[in-house]
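Colleague: Protein sequence lines, in the order shown, are assigned to chains A and B. Per our numbering, the first sequence runs over residues 1 to 277. Per our numbering, the second sequence runs over residues 1 to 309.
I should point out that these hints are in silico values taken from the structure, not numbers from a laboratory. Here the structure is a predicted model, which is why all the values come from computation and not from measurement. Some hints could be false.
[Stated by the list, open to error] Which stretches of chain B does chain A cover? Using the computed rule of at least three CB atoms under 8 angstroms from a CB of chain A, they are: (1) 41-52; (2) 93-106.
[Said to hold, decoys possible] Computed beta-carbon distance windows for the label pairs: (3) E280/B to S255/A: 29 to 35 angstroms; (4) S229/A to K40/B: 34 to 40 angstroms; (5) N110/A to F278/B: 36 to 42 angstroms; (6) D187/A to E18/B: 39 to 45 angstroms; (7) K170/A to D19/B: 45 to 51 angstroms; (8) P166/B to Q185/A: 42 to 48 angstroms; (9) R203/A to F278/B: 56 to 62 angstroms; (10) A41/B to S255/A: 55 to 61 angstroms.
All C-beta atoms, glycine included, are put in the ideal place defined by N, C-alpha and C.
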Amino acid sequence: MGIESSEVMRIKEAAQRVRRRVIRMTYLAGSGHPGGSLSATEIITCLYLKVLRHNPEDPGWHDRDRFILSKGHACPALYAVLAECGYIQEEELWTLRKLGSRLQGHPELNTVPGIDAPAGSEGQGLGIGCGMALAARLEGSQRRVYVMLGDGECDAGNTWESALFAAHQKLDNLTAIIDRNRLQQDDECVRVLDTEPLAEKWRAFNWHVIEIDGHDISQILDAFENARSNKGRPTMIVARTIKGKGVSFMENNVSFHGKPPNQEEYERAMRELGGNG
Amino acid sequence: MELQRKFYSEALLSLGKEDPRVVVVGADTTGSLQINRFGKAYPSRLFNVGISEQNMICVAAGLALSGKIVYASTFASFGTALVYNQIRQSIAYPNLNVKIVCSHAGVTVGPDGATHQMIEDVGLMCGLPNMKVIVPADAPQTYLATRAIKDAPGPFYMRIGRGEFPTVTSMDLGFEIGKAQILREGKDITLIANGIMLSVCMEAAEKLKTENIDAEVINVHTVKPIDTAAIIQSARKTGGVITAEEHTVIHGLGSQVACILSEHYPVPMRRIGVMDRFGESGKPEELLRKFGLTAENVVSAVMDVIKRK
Numbered sequence: 001m002g003i004e005s006s007e008v009m010r011i012k013e014a015a016q017r018v019r020r021r022v023i024r025m026t027y028l029a030g031s032g033h034p035g036g037s038l039s040a041t042e043i044i045t046c047l048y049l050k051v052l053r054h055n056p057e058d059p060g061w062h063d064r065d066r067f068i069l070s071k072g073h074a075c076p077a078l079y080a081v082l083a084e085c086g087y088i089q090e091e092e093l094w095t096l097r098k099l100g101s102r103l104q105g106h107p108e109l110n111t112v113p114g115i116d117a118p119a120g121s122e123g124q125g126l127g128i129g130c131g132m133a134l135a136a137r138l139e140g141s142q143r144r145v146y147v148m149l150g151d152g153e154c155d156a157g158n159t160w161e162s163a164l165f166a167a168h169q170k171l172d173n174l175t176a177i178i179d180r181n182r183l184q185q186d187d188e189c190v191r192v193l194d195t196e197p198l199a200e201k202w203r204a205f206n207w208h209v210i211e212i213d214g215h216d217i218s219q220i221l222d223a224f225e226n227a228r229s230n231k232g233r234p235t236m237i238v239a240r241t242i243k244g245k246g247v248s249f250m251e252n253n254v255s256f257h258g259k260p261p262n263q264e265e266y267e268r269a270m271r272e273l274g275g276n277g
Numbered sequence: 001m002e003l004q005r006k007f008y009s010e011a012l013l014s015l016g017k018e019d020p021r022v023v024v025v026g027a028d029t030t031g032s033l034q035i036n037r038f039g040k041a042y043p044s045r046l047f048n049v050g051i052s053e054q055n056m057i058c059v060a061a062g063l064a065l066s067g068k069i070v071y072a073s074t075f076a077s078f079g080t081a082l083v084y085n086q087i088r089q090s091i092a093y094p095n096l097n098v099k100i101v102c103s104h105a106g107v108t109v110g111p112d113g114a115t116h117q118m119i120e121d122v123g124l125m126c127g128l129p130n131m132k133v134i135v136p137a138d139a140p141q142t143y144l145a146t147r148a149i150k151d152a153p154g155p156f157y158m159r160i161g162r163g164e165f166p167t168v169t170s171m172d173l174g175f176e177i178g179k180a181q182i183l184r185e186g187k188d189i190t191l192i193a194n195g196i197m198l199s200v201c202m203e204a205a206e207k208l209k210t211e212n213i214d215a216e217v218i219n220v221h222t223v224k225p226i227d228t229a230a231i232i233q234s235a236r237k238t239g240g241v242i243t244a245e246e247h248t249v250i251h252g253l254g255s256q257v258a259c260i261l262s263e264h265y266p267v268p269m270r271r272i273g274v275m276d277r278f279g280e281s282g283k284p285e286e287l288l289r290k291f292g293l294t295a296e297n298v299v300s301a302v303m304d305v306i307k308r309k
């Protein structure tokens, strides 16, 4: 372990750029999901800048690692990271959700390079990840599969079907992350449908479970290292996060689940994030 | 009389040998579908997910996204309606190489009753962009269709029955996706059918012959993309059309034929099928009779249409 501090700084700075892009994208789109994008920012940035074996010059490389953003509504963060890696140009980000744009409101396959699976209706990404992990094992490939879920997504029965299956198949090349921001569309998760104790549930499903602070770069990178060395079981990283992280008035504010900032909020958010809009 | 399921699994065995990309997923019905035979021959390439059909479709998607050609199989009620959204978002939308092959479709499921008698699957699947839909007439056609869809890119839905179906096609007849087959030429009336109703229409055509009515019988095994040209051509020739399907008439073969003809070449027509109701327990032949899926009913529909010509 012991990630060099310069590496952590590099990722931290990239994550801050991703945050600014998320705010600008959703502001210009006039719709979208800033809250769950900001809670997932460090994790997705870590994946693409450090963890995944991938090549932006060759998005279809068969033996690349795969990443599925099962909580597809957080795609502004993913698109912003794809721009950070050079899969797409930064200018394209400002077309989010507009007619004719490749950047659909929820990820579409076969259009944007770097997107490994479609998502939108919650609960399907983990099963897709299981299929990808099976295929990798079948081929004797070392490629790994990463799936990010929302905590609200743990309401979905489909998620638990896949949880059983991944453990039954001993898919240790599969790592899932829960963006545990504790809020879902209607309200706090515990008020809508209480899934606590969440980590315990995954342990009971025979997963290797790691709990971390999902905004701490070192902890995130350590967790992915830990997952890589874990054998015989899939790994679940339960990442405690803050919905709307980095923008004071969006933090822990359920109303910014699916609402973009207005002009005044946009300018304020950009100031807080050290940008000039 | 032969089992479509048996010929499906035979075809899978041949495909498994020819193409290492072929994998199969099932959901605790691998014995019924006879896909366990594939698992015996290729143990690492059959995945049984248990009673988790939503996961089955997602796993199929993940395998296809990794370059596999995936056959996903269970009973029609669980493999379509239960997982419609998973098919929609994770298979059809990304246009993946997943072939969903479901048995136990239609009322000939028999004693299991309405919950298992899937009569809306063809319509559900036809409505999905990118999805292609095949209803093979019998066992040999099931074999040929199973093989044909392997190399046709994108998602397919193929529905087969539980019981033994009379054999009306043959291996020699061949099979081309989207190309209707005229099994019997005639000039007075067109009978369009697929699945088990093809054999019913062949029987009806024999009965009609004794009444000096010369019926043309067309096998529209591919409901999507449907062979529009063949349907219009026959309607032009005979001036009257009957459709017959073991499916609701609301959004199946009959309604599609009606749309095509009303747009291109309207002729008097009647649809034979399940009339907007659920099935019930009984023996397959009792149920076919109860729901009017019989040669006698086809004949009386023909008489009605001929009167209106």
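Colleague: Each hint needs a verdict: does it hold in this structure or not?
Modeller: Here is what the structure says about each hint:
1. 41-52: Contact hint for the stretch 41-52 of chain B vs chain A: holds, 6 residues under 8 angstroms.
2. 93-106: holds (count 3)
3. E280/B to S255/A: 29 to 35 angstroms: The hinted range 29 to 35 angstroms is violated for E280/B and S255/A, with Cβ atoms some 50 angstroms apart.
4. S229/A to K40/B: 34 to 40 angstroms: holds (35 angstroms)
5. N110/A to F278/B: 36 to 42 angstroms: holds (38 angstroms)
6. D187/A to E18/B: 39 to 45 angstroms: Violated, since D187/A and E18/B (Cβ atoms, about 54 angstroms apart) do not stay within the stated range.
7. K170/A to D19/B: 45 to 51 angstroms: Cβ of K170/A to Cβ of D19/B: about 27 angstroms, so the range 45 to 51 angstroms is violated.
8. P166/B to Q185/A: 42 to 48 angstroms: Cβ of P166/B to Cβ of Q185/A: about 53 angstroms, so the range 42 to 48 angstroms is violated.
9. R203/A to F278/B: 56 to 62 angstroms: violated (43 angstroms)
10. A41/B to S255/A: 55 to 61 angstroms: holds (57 angstroms)
Against the hints set out earlier in the document, violations occur for numbers 3, 6, 7, 8 and 9.
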